[in-house]
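There are 2 protein chains.
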Amino acid sequence: MTVDVASLSPVALRHLIRQGKFTQPTSGLAAGYTQANLVILPRDLAYDFLLFTQRNPRPCPVLEISDVGSRTLHQFAQDVDLANDFPKYRLYRHGKMTKEVTSVADVWQADFVSFIIGCSFSFEAELLAAGIEVRNITEKVNVPMYNTNIPLVPAGKFQGHMVVSMRPIAQQDVPKAVQVTAAMPKVHGAPIQIGQPATIGITDLAHPDYGDAVTIKPGEVPVFWPCGVTPQNAIMQVKPDFVITHAPGHMLVTDVLNATLKYS
Amino acid sequence: MTVDVASLSPVALRHLIRQGKFTQPTSGLAAGYTQANLVILPRDLAYDFLLFTQRNPRPCPVLEISDVGSRTLHQFAQDVDLANDFPKYRLYRHGKMTKEVTSVADVWQADFVSFIIGCSFSFEAELLAAGIEVRNITEKVNVPMYNTNIPLVPAGKFQGHMVVSMRPIAQQDVPKAVQVTAAMPKVHGAPIQIGQPATIGITDLAHPDYGDAVTIKPGEVPVFWPCGVTPQNAIMQVKPDFVITHAPGHMLVTDVLNATLKYS
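Residue numbers (the UniProt record's numbering), protein chains in the order written: chain G, 1 to 264; chain V, 1 to 264.
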């Protein structure tokens with residue numbers, strides 16, 4: 001029997017992933033539902049990190065935080081196992097990635113705190129719904145991401161500079177793209193820069209620091225949004241003993257509709 | 001020489017307060033600038049409390065959190081001394097108020113964390129600007145506040161039910177009042193209930209649990225907003241050894257315009 005994963009509800013998809021039967025990127029699945037990033041930290045780093053996200057909400061929009069040691073959530077998903085319901089995880093020891101796995105149940109610690117963080121998948125869906133092409137989706141590549149000179153507000157051990165994602169937008173669609181994304185502050189909100197990459201320290205659009213380059217056509221403007229790679233970067237600079245994140249593109253599919261992330 | 005305090009800038013007003021020359025409520029001062037609530041907790045309670053505010057942003061909208069032990073801020077006010085710049089403070093030991101003072105410099109602890117929390121003064125100013133009467137201002141009393149049966153999302157040691165404030169609004173102005181306040185999520189945002197107090201456990205509008213009763217005229221609807229008394233209540237139930245808050249109405253006057261608290 002084959003299963004059309006694209007037709008599955010969020011909870012059915014999580015069950016499939018939990019059983020190890022789906023280990024692929026989640027882009028395009030459970031259409032309309034919010035997908036989320038993951039950072040798992042030990043409790044002794046959780047206060048500084050939570051403060052860091054509070055001070056830098058644009059690149060670090062927290063959706064929900066687990067209780068200490070808990071593998072469940074209450075607001076964004078029922079029937080969820082945080083140690084198994086992401087298709088792929090990355091383990092980092094002392095700031096270096098040591099492996100990718102499909103379950104972290106065997107390395108789970110009683111002092112773990114899980115941060116569920118908003119992701120641009122949600123606003124890309126809304127841009128498409130507004131009739132605005134999203135080039136990285138059209139070209140089936142990862143969105144291009146760049147380091148910038150925009151300083152973050154430090155918090156305890158955490159500091160650094162903002163990472164941004166870039167999408168080329170047709171000149172006449174830029175205001176609409178701002179409006180659509182500004183209405184979704186829980187998934188990075190409005191652009192941070194429009195059309196002048198040098199002013200935020202980006203000199204070579206053709207060579208992103210993360211992800212893949214995309215085509216910029218004549219008449220299009222590069223538009224930059226705060227990016228969820230920012231908190232991961234800030235964490236790795238601290239070189240914690242042990243941190244777990246999702247693998248890029250391998251997200252948690254939540255029970256919450258993107259539409260409910262708009263101003264409320 | 002007399003000083004017209006109503007004409008002072010936020011920083012000039014803070015200087016006056018810091019010198020002990022102004023110890024009155026701050027309502028109506030530094031028009032247009034955000035005023036803020038205060039909760040000072042020891043560091044060992046700060047993580048649970050920050051998580052509690054993250055899970056309950058409607059009644060607990062955090063504007064800024066100090067570094068541990070610091071008496072300064074970075075985002076909402078420059079040239080600020082958190083131990084002296086509120087006109088009046090309340091000290092609580094083991095959950096009971098022990099005294100009101102105009103400075104907490106002599107009881108300051110190296111492990112103190114200050115939470116600066118949004119306050120309805122900001123949205124009341126916007127309601128007035130939209131041509132909507134605010135009855136507690138007209139009648140020169142404290143806004144009426146009520147306990148409800150709306151459960152909060154627990155976080156560590158903190159839990160409880162939401163406290164709400166009530167303003168009677170003319171039937172035809174209710175949609176506008178929702179729009180104006182919904183645009184300011186950092187100061188409680190949209191109403192939580194309109195016109196049906198019994199559904200949230202309020203049975204006697206004439207006898208508020210905090211503050212003063214106000215007149216409700218024919219054709220007016222009682223409208224309820226999440227209230228900043230909520231976090232103070234939740235803290236006192238935990239009976240911490242030592243907590244400091246501002247005295248009601250004796251707020252921090254910040255350098256940030258109310259207008260910038262709107263969706264951004």
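Simulated from the structure, these hints should not be mistaken for laboratory data. Accuracy of the hints is not assured; some may be wrong.
Straight-line Cα separation of at most 30 Å, DSS-like style, residue types lysine-lysine; simulated pairs [unchecked claim]:
(1) V:Lys99 x G:Lys262
(2) V:Lys140 x G:Lys176
(3) G:Lys140 x G:Lys217
(4) G:Lys176 x V:Lys262
(5) V:Lys239 x V:Lys262
(6) G:Lys157 x V:Lys157
(7) V:Lys176 x V:Lys239
(8) V:Lys262 x G:Lys262
Consistency of the hints with the structure:
Taking the CA atoms of lysine 99 of chain V and lysine 262 of chain G, the gap is about 43 Å. The hint is violated against a cut of 30 Å. Restraint check: the Cα-Cα separation between lysine 140 of chain V and lysine 176 of chain G comes to about 44 Å, which exceeds 30 Å; the hinted pair is violated. Only pairs whose Cα atoms come within 30 Å are accepted, and lysine 140 of chain G paired with lysine 217 of chain G is accepted, the gap being roughly 17 Å. Between lysine 176 of chain G and lysine 262 of chain V the CA atoms are separated by roughly 19 Å; this keeps the pair inside 30 Å, and the hint holds.
Restraint check for lysine 239 of chain V and lysine 262 of chain V: the C-alpha separation of about 35 Å exceeds 30 Å, so the hint is violated. Restraint check for lysine 157 of chain G and lysine 157 of chain V: the C-alpha separation of about 25 Å stays at or below 30 Å, so the hint holds. Between lysine 176 of chain V and lysine 239 of chain V, the direct Cα distance comes to roughly 40 Å. Violation of the 30 Å bound is thereby established for this hinted pair. For the proposed pair lysine 262 of chain V and lysine 262 of chain G, the alpha carbon gap of about 14 Å is at most 30 Å, so the pair holds.
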